[in-house]
Amino acid sequence: MFGNYKEIVKISRSSFAISHNTTQILLIPEKIFIKLLETREEIKILLYHQLLINVNKLGHKFEVLNFESANKRFVSYLIRMSDIYNSTIINATVEEIGQNISTTRQTIHKMIKTLTEINLIEKKYSKIRILDKEKLITLRDNLN
Amino acid sequence: MTTTEELIKKTVDNLVKEFPSFLKTFTKNQYIFYDFNDFHYVGIVIKGRVIEKLISKHGEEKTYLNYR
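Residue numbers (this note's numbering), protein chains in the order written: chain Z, 1 to 144; chain A, 145 to 212.
Note that these hints are calculated values from the structure, not bench results.
Because the structure is a prediction, the values reported are computed rather than measured.
Non-contacting residues of chain Z with respect to chain A, defined by C-beta distances greater than 12 Å in every case (computed):
id, residue
1, ASN71
2, ILE79
3, ARG140
Below, computed lysine to any residue pairings styled on SDA-like, alpha-carbon distance capped at 20 Å:
id, chain 1, residue 1, chain 2, residue 2
4, A, LYS172, Z, ILE18
5, Z, LYS35, A, PHE163
6, A, LYS153, Z, LEU51
7, A, LYS161, Z, PRO29
8, A, LYS154, Z, LEU52
9, A, LYS191, Z, SER87
10, A, LYS197, Z, GLU30
11, A, LYS168, Z, LEU27
12, Z, LYS57, A, THR148
13, A, LYS168, Z, PHE16
14, A, LYS168, Z, PRO29
15, A, LYS161, Z, ILE32
16, Z, LYS135, Z, THR88
17, A, LYS197, Z, ASN54
Positions of the beta carbon are idealized from the N, C-alpha and C atoms, including for glycine.
Input sequences plus hints: build the corresponding full structure.
Here it is, written out as structure tokens:
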């Protein structure tokens, strides 16, 4: 979920989004969305669920400020995204990951190469698939 | 799938059935405006992925959050 729910959560939001690929979106006028929120419990749960995901992502951004190495930040990012979306596939370009963990594309390319060589991940286009999450977690815990 | 995920999926499925005219398809790299003039929208991604952008005071575009 994205868009203009600043009237609900009182947070100033951005004004547009860009489709990454062919994308289907249910664009609900804000007034109708607010009415749904007032009358339907499941819509409240939907909003809370989205806000929790956002908080989780922001939490990760704060962790980045924890002065961990870029390698550790990258491995942590993969694990966290996998946890958030309950999937072993991470949909993100190298550029997006770089913005998320505050490092360069070159560093991420190097890490992807290293992790691919030891069969922990594989990368296809803008998708990274985690092949062995347990080993990835162990690696994260052992990185500085 | 956990109970919460099932509930979220069911809620979104019901919203699509209830408001079929609100369902829009965007091709790659299309701009989706949701906050301009008197029009304000909440977008629920059904299929695909969007990247929300933050515009700084200086007009600079920054990726904010990704949604699937």
